[in-house]
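With the hints as constraints, model all of the structure from the sequences given.
Each protein sequence line maps, in turn, to chains A and B. Terminal number for the first sequence in full-length UniProt numbering: 803, no gaps in between. Terminal number for the second sequence in full-length UniProt numbering: 357, no gaps in between.
Heads up, a few of these hints could be off.
Stated by the list, open to error - Simulated pairs of lysine to aspartate or glutamate, EDC-like, Cα-Cα distance not exceeding 20 Å:
1) B:LYS166 x A:GLU190
2) A:LYS586 x A:ASP553
3) B:LYS194 x B:ASP263
4) B:LYS166 x A:ASP519
5) A:LYS540 x A:ASP550
6) A:LYS586 x A:GLU657
7) B:LYS146 x B:GLU134
8) B:LYS166 x A:GLU115
9) B:LYS146 x B:ASP158
Claimed, not checked - For the chain B half of the interface with chain A, some residues (derived, Cβ under 8 Å), not all of them:
10) PRO100
11) GLY127
12) ALA164
13) LYS166
As the list claims (entries may be wrong) - Residues from chain A that keep clear of chain B, each with C-beta distances beyond 12 Å, as calculated:
14) ARG81
15) ASN86
16) ARG101
17) ALA141
18) ARG324
19) ARG352
20) VAL477
21) ARG539
These are calculated hints, taken from the structure and not from any lab test. In this text, a Cβ means the ideal position worked out from N, Cα and C, and glycines have one as well.
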Amino acid sequence: MTTWTVATALLSHWRRRPLQFGALLSGLALATALWSGVQAINAEARASYTRAAVVLDQNGLANLVSSNGSSVPQSAFVRLRRAGWNVSPVVEGDYRFGTTRLRVIGIEPLTMPAEAQTIDLGNAGDLLSFISPPGTLVVSAGTAEKIRGQTDLALRVSDRMLDGAAFVDIGLAQRLLRRDGELSRIVVAENQRSGLEPLEKLVPTLSVREPNAETDVEHLTESFHLNLTAFGLLAFAVGLFIVYSTIGLAFEQRRPTFRTLRCLGVSLRVLAVLLLAELVLFALAAGAVGVAIGYLVASLLLPGVAATLEGLYGASVPGTLSLRPEWWVSGFAIAVAGTLVSSAQSLLRLTRVPLLAAAQPQTWGRSWQAGRRFQVLAAAALLALSGALLLWAEGLEAGFGVLGCLLLGASLLLPTVLSGFLTVMQRTSSRALVTWFWADARQQLPGLSLALMALLLALAANVGVGTMVSSFRLTFVGWLDQRLAAELYVAARNEGEADRLRTWLATKVESVLPISSVDAEIRGQPMQIFGVVDDPTYRKHWPLIVGLPDVWDRVASGQGVLVNEQFWRRDRLRIGDQLDLASDWKSTVVGVYSDYGNPKGQVIAGINALTSRYPQVSRLRYGLRIQPDQVADLRSRLSDEFGLPPDNVVDQAALKEQSRRIFDRTFLVTGALNIFTLGVAALAMFSSLLTLSEMRLPQLAPVWAMGITRRDLALLELLRTLVLWLVTFIAALPLGLALAWVLLAVVNVEAFGWRLPMHIFPYEWVRLGLVVLAAAVVSVFIPLRRLAGLAPSDLLKVFANER
Amino acid sequence: MSVRSIAFALAVMTMASLSGSQAASEGFAGLGSAAEGFSVPQPGLLFRFPADHGPHPDFRIEWWYLTANLEAPDGTRYGAQWTLFRSALAPREASGWSSPQLWMGHAAVTTSGDHFVAERISRGGVGQAGVVAEPFSAWIDDWQMKGLAAPGSDQLADLNVTAAAKDFGYELRLSATGPLVPHGDNGYSVKSAKGQASYYYSQPFYAVTGSLALPTGNVAVTGKAWLDREWSSQPLAEDQTGWDWFSLHLDTGEKLMGFRLRDAGEGFTSATWITAEGRPEPLPAGALQIVPVRTAKVAGRRIPVAWNVRIPSRGFDVTTTPLNDQAWMSTSTPYWEGPISFGGNVGGRGYLEMTGY
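Set out below in structure tokens:
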């Protein structure tokens with residue numbers, strides 16, 4: 001008998017069970033798709049951070065930054081050069097060109113080390129015009145499009161440039177950013193001559209930031225990507241449940257075939273190799289489909305992710321995906337690895353079970369029973385570990401560890417809980433048919449438990465993430481109402497216009513709240529310091545978390561400052577702590593406010609305190625308090641009187657709407673992944689039920705023979721499935737809430753720096769329950785129809801032979 | 001963007017006089033033609049010191065150019081160069097990065113077997129590079145030419161000169177044994193038959209002590225040095241392609257500065273004979289005659305490295321020999337600059353600079 005004939009015999013199994021085959025391939029493909037889709041998004045985002053870091057931040061080189069967070073004096077650069085150090089100055093900050101906010105990076109091309117010069121500034125003449133007034137902005141094509149007409153400066157498009165940033169000459173940057181004589185950092189070239197005086201002696205107030213250190217954006221977005229990765233992993237795990245159960249069943253069902261082949265003289269080795277080859281072949285095929293779907297998923301989600309990253313972190317990520325070979329390879333690798341892991345047990349058993357052992361699915365079931373004690377032990381250990389991590393560990397990884405252990409432990413516990421429940425039900429029932437119903441359900445449990453575990457995971461994730469997002473949204477909307485208290489927000493185009501605007505507005509509105517801020521580095525982190533006037537608006541509305549009773553008096557008098565929650569938590573600040581805000585400015589923390597959606601730390605000081613330290617601070621933007629019914633009128637008068645473009649006058653409602661849109665977009669990806677995961681779980685359930693229904697004839701035939709009609713049998717089957725779904729769903733609720741709590745109180749705090757109150761949304765559960773019910777009915781439909789339409793002769797055959 | 005290209009831009013402007021008509025024919029910054037708001041040298045001006053040791057931002061280009069012929073105690077000969085160029089994008093000065101003044105430094109050490117070169121480029125206005133007339137100081141990064149003379153006395157009489165790069169460095173102490181010497185008509189030095197000119201004076205009487213830091217170790221040296229000060233806005237005529245410039249310390253204590261600006265024809269030569277007491281005797285155009293006697297392959301081109309230098313009216317006739325044929329300045333705009341010795345009816349040492357090859 002040729003190997004080919006053996007292979008054909010083995011493969012014929014799939015021809016006879018196309019649905020099972022479909023379930024295997026689609027399970028594997030979906031698992032691969034979600035995993036590789038998430039990987040693709042992460043890879044794209046990370047690549048663009050790296051590019052940004054290398055291009056914009058000269059991140060491949062060491063940088064000197066201020067140790068105490070203030071700006072670097074230009075004199076430090078001159079001192080270093082005159083001591084022979086090959087260094088180059090950089091000043092950077094945000095600047096608005098019309099309504100477009102750009103990160104302006106001021107560089108000095110003559111001293112910038114060659115290895116850091118990643119953008120082509122053109123020929124010698126272009127270079128001279130770059131450093132000569134009025135100056136040149138080097139921007140991406142997209143950015144050039146946005147700011148054309150908004151500035152008198154010459155634009156030069158470079159295809160290596162990233163969106164949202166502009167290279168300008170350092171002199172121009174200092175002028176635009178009002179930072180004369182100040183630098184953000186000093187780039188240190190690799191190439192230095194020997195015998196130089198050490199840096200710490202020359203510039204003791206500066207510290208070295210090593211090359212390729214993690215950039216701000218990378219640090220900030222880390223949590224976001226970890227989030228995505230966790231979701232991808234969850235989906236992949238759920239997908240592997242399908243693969244595992246399908247392969248397990250297929251091996252069991254083919255046991256008679258294996259026996260026959262072995263009796264015909266096929267060696268165990270040939271058989272094992274053929275089965276292995278079959279699996280790898282399937283894995284590659286499904287992997288290819290999965291990677292393709294993953295690419296599709298990623299390109300559908302990437303614009304949303306890019307928008308989120310831009311909105312939330314100011315990170316520029318292109319909305320289009322590029323195909324990366326490493327990503328293709330990793331997609332295939334994970335498909336094959338996943339398949340092999342899921343089938344290892346079945347392959348091992350093939351070599352162990354005696355050749356002529358009865359080919360019963362019970363073999364499989366019984367071994368599962370034996371492993372249950374181990375499962376319970378493992379579940380207990382995982383839950384304990386989860387609790388321990390929660391109590392004693394710190395960091396985002398620990399937060400996800402808590403989540404992972406909790407989910408895995410709970411799902412391992414599920415079969416035991418279900419089994420216990422069914423045993424109790426069986427014991428309490430007296431009618432024979434009802435007793436049989438529960439006992440049979442228990443007998444079915446081994447085959448279904450993996451699918452039910454997958455379902456539990458998907459449901460719990462859905463409840464948990466749903467609760468988290470809804471709680472967040474509720475808190476966020478309430479917070480927006482407090483935070484955006486002014487009715488109208490107006491931005492002048494220059495200081496002269498701002499002066500006229502202030503005078504003009506003085507008599508027309510209840511109060512004018514200047515929105516002035518400077519970029520600063522406090523405790524080594526980039527932050528903004530806002531200045532506020534003493535106004536009832538703040539006293540009444542500002543969302544304080546904790547604060548001294550006279551917090552606003554202290555802020556107004558310049559004695560104290562407020563910090564936002566993320567800064568407060570990240571640096572474990574306490575009320576009364578001293579902060580170095582600038583080299584000559586220390587103040588005390590007197591209160592903490594919530595500041596959702598802002599990845600960075602923030603400080604609020606009295607406007608007088610701010611302007612006395614930063615006299616050149618921009619005073620272009622204002623919040624206006626007026627009666628709500630006068631908003632439209634004032635708006636049109638502003639545009640008539642000052643010719644302000646519509647974008648420069650924004651009312652509260654529009655601003656809130658915009659904030660909500662950003663918020664919703666942020667969780668769009670989460671929602672999409674959630675639905676995918678649920679879909680995979682439903683597929684797992686469907687494939688399990690489908691394969692089980694074929695094996696259940698030996699159990700059903702005696703009951704049928706005792707006089708229960710096929711219709712009643714089908715109804716009982718439906719009922720049984722629904723009961724299992726329901727119990728799983730109920731079990732998923734507390735697990736989901738626990739998940740939500742961990743997300744809100746642990747992961748969010750680590751990832752974003754804010755802690756949110758948890759709200760419960762029972763209506764969402766009802767909706768989820770209905771969706772799940774519908775999925776259950778659909779998944780049981782095909783097996784049921786098959787059962788109801790089963791020919792009596794098929795049922796009789798059960799008694800005639802050993803299947 | 002590359003440093004090389006901006007350095008090139010700067011070099012083309014600054015060294016227009018060195019690289020000749022390549023720049024002019026490209027019409028770069030209008031050199032050689034009308035001076036776009038920049039001041040133009042006029043005859044009849046008298047130098048005012050110490051102010052004229054400092055920069056003249058309303059002129060387009062300017063340099064502080066030091067060459068030294070040095071010798072170790074064992075007789076080994078060396079050459080050293082320290083140059084600071086100023087180049088203005090606009091005829092004004094401003095503080096901060098808005099200064100239109102650009103600076104470029106060249107330093108070199110020549111041995112018989114090696115030629116070490118380094119270049120520095122800097123913006124003006126922030127203190128990274130510049131020149132102060134009194135107390136005299138010229139610097140770019142950590143390279144410095146610092147006056148040690150007391151206020152009120154000749155600020156260039158005593159100098160400390162340092163430069164350091166990855167593979168070499170030096171520190172030289174210079175003491176003038178003679179006066180400052182104006183070239184041409186009291187410092188108005190004509191550069192072409194069409195009247196292009198610069199302001200030009202020298203201090204050719206430095207006695208030098210110091211040390212060179214070379215890859216093989218430090219070497220104590222003594223010798224002679226020559227400082228050139230020159231500024232202008234349109235130093236070259238359009239058809240001039242480069243120049244050959246000599247500064248010679250004669251064994252008699254006399255000095256000779258002579259150059260030829262090359263063009264399609266005979267070229268334009270000019271020279272100043274300086275007596276041992278430091279009295280300049282400007283020689284008329286054409287009085288100096290130079291003829292190459294040997295060429296060498298340098299940086300992929302043939303360059304005349306040995307010359308016959310004659311001033312028939314004075315019976316001066318010598319042949320120069322370079323210490324190192326390969327004294328090639330591989331800077332943004334490359335040129336040849338190295339120590340020479342000469343013999344004939346009088347011996348001595350000096351420096352040769354050749355551009356536009």
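These are the hints, each one checked on the structure:
1. B:LYS166 x A:GLU190: Roughly 12 Å separates the two Cα atoms, so the pair holds.
2. A:LYS586 x A:ASP553: 17 Å, holds
3. B:LYS194 x B:ASP263: 12 Å, holds
4. B:LYS166 x A:ASP519: 38 Å, violated
5. A:LYS540 x A:ASP550: It holds: about 13 Å lies between the C-alpha atoms, which stays within 20 Å.
6. A:LYS586 x A:GLU657: With Cα atoms ~37 Å apart, A:LYS586 and A:GLU657 exceed 20 Å; violated.
7. B:LYS146 x B:GLU134: Distance of about 10 Å is within 20 Å: holds.
8. B:LYS166 x A:GLU115: With a Cα-Cα distance of about 17 Å, the restraint between B:LYS166 and A:GLU115 holds, given a limit of 20 Å.
9. B:LYS146 x B:ASP158: Satisfied, since the Cα-Cα distance of roughly 8 Å is no more than 20 Å.
10. PRO100: 7 Å, holds
11. GLY127: Status holds, d = 4 Å.
12. ALA164: Check passed: Cβ of B:ALA164 comes within 6 Å of chain A, closer than 8 Å.
13. LYS166: Holds - the Cβ of B:LYS166 comes within 8 Å of chain A, reaching about 5 Å at its closest.
14. ARG81: The assertion about A:ARG81 is violated, with a minimum of 5 Å to chain B.
15. ASN86: 8 Å, violated
16. ARG101: Fine: 23 Å to the nearest Cβ keeps A:ARG101 off the interface.
17. ALA141: Holds, since 18 Å exceeds 12 Å.
18. ARG324: Its Cβ never comes within 12 Å of chain B, the nearest being 28 Å, so this holds.
19. ARG352: 68 Å, holds
20. VAL477: The claim holds: A:VAL477 sits with its nearest Cβ about 47 Å from chain B, beyond 12 Å.
21. ARG539: Non-interface label stands for A:ARG539: nearest chain B Cβ at 43 Å, farther than 12 Å.
Taken one by one, the earlier hints fail for this structure at numbers 4, 6, 14, 15, listed in ascending order.
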